[in-house]
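The task is simple: from the sequences and hints, build the whole structure.
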Amino acid sequence: MNVYLASSLTLLVTMIFGYLIGSFPSAIFIGKVFYGVDVRKQGSHNAGGTNVGRVIGKKAGIITIALDVLKTVIAIWVPFLILTLSPLKEHLVSNEKWPLAIYYYMGGVAAAIGHSFPIFAHFKGGKAMSVFSGFVFATNPVISILGVIIFFLIFLWKKYVSLASILAPFSVVIMSIFLAIFPVLRCTNYFFVSSCRLDGTYIYTIFLLVIALYVVLRHIPNIKRLMKGTEPKTHFKKTPKASLHHENKEVEE
38 MNVYLASSLT LLVTMIFGYL IGSFPSAIFI GKVFYGVDVR KQGSHNAGGT
88 NVGRVIGKKA GIITIALDVL KTVIAIWVPF LILTLSPLKE HLVSNEKWPL
138 AIYYYMGGVA AAIGHSFPIF AHFKGGKAMS VFSGFVFATN PVISILGVII
188 FFLIFLWKKY VSLASILAPF SVVIMSIFLA IFPVLRCTNY FFVSSCRLDG
238 TYIYTIFLLV IALYVVLRHI PNIKRLMKGT EPKTHFKKTP KASLHHENKE
288 VEE
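102 is the number that the numbering used here gives to position 65 of the sequence shown; each next residue is one higher, with no gaps.
Simulated from the structure, these hints should not be mistaken for laboratory data.
A portion of the hints provided could be inaccurate.
Derived DSSO-like pairs: lysine-lysine, alpha-carbon spacing no greater than 30 Å straight-line [said to hold, decoys possible]:
hint, residue 1, residue 2
1, 95, 270
2, 270, 78
3, 95, 69
A quick note: this is a predicted structure, and the numbers were derived from the prediction, not measured.
Written as structure tokens, this is what we have:
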């Protein structure tokens, strides 16, 4: 098979796989199966972990976010394992300008699209912050930990999950640039990432930036409310079984 045809088909299959995995509606699954609640009809009406925490409870919200992170990790790691452990990589375009990582990185990008527009939930999903977190965790644990710290610092400071979701991804992008520029900051290998540095083409940073911008686009309504001062602060439900079927009138992230 022609190397370019093989590369195109591999990229297509990787993205379809990532999209389908990303389309798993964790928030809807947790809400309906375990609590009998459709989170799309309460709170902010968003099928994401934050709204699950707001409508059902903190524990359910954390589980939802964890599932969203996990599905992104799967969307990246499965293609990686197949590409690196099989002879397939010998038949694909792979060089300095187009490294093998692009194939499984695109799986992560497709997972973000699937999360926001899930085929299994009428194409109405979440805002992809958890998917961004999963992408970073799957590819660079050091930046991931720092990003989580920054996220919670912003949230604890301002009490807006939406604001933290907008700013934290760009802090991760900036950190990835610093790791590329300053060799002293580079760390040892992690699973399939050849150290925490970027390659000379800054492809990893570009992928982070693309997904970060996508997260921001999904938060445009929140940005408008933040600018107007009408964005409600985020509060998580403490009693999961109380008042689950009453409509929450708050409109948050």
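Hints and how they fare:
With a C-alpha separation of about 15 Å, the suggested pair residue 95 and residue 270 falls inside the 30 Å cut-off, and the hint holds. This hinted pair checks out: residue 270 and residue 78 have alpha carbons roughly 19 Å apart, not beyond 30 Å. For the hint linking residue 95 to residue 69, the alpha-carbon distance of about 16 Å falls within 30 Å, and the restraint holds.
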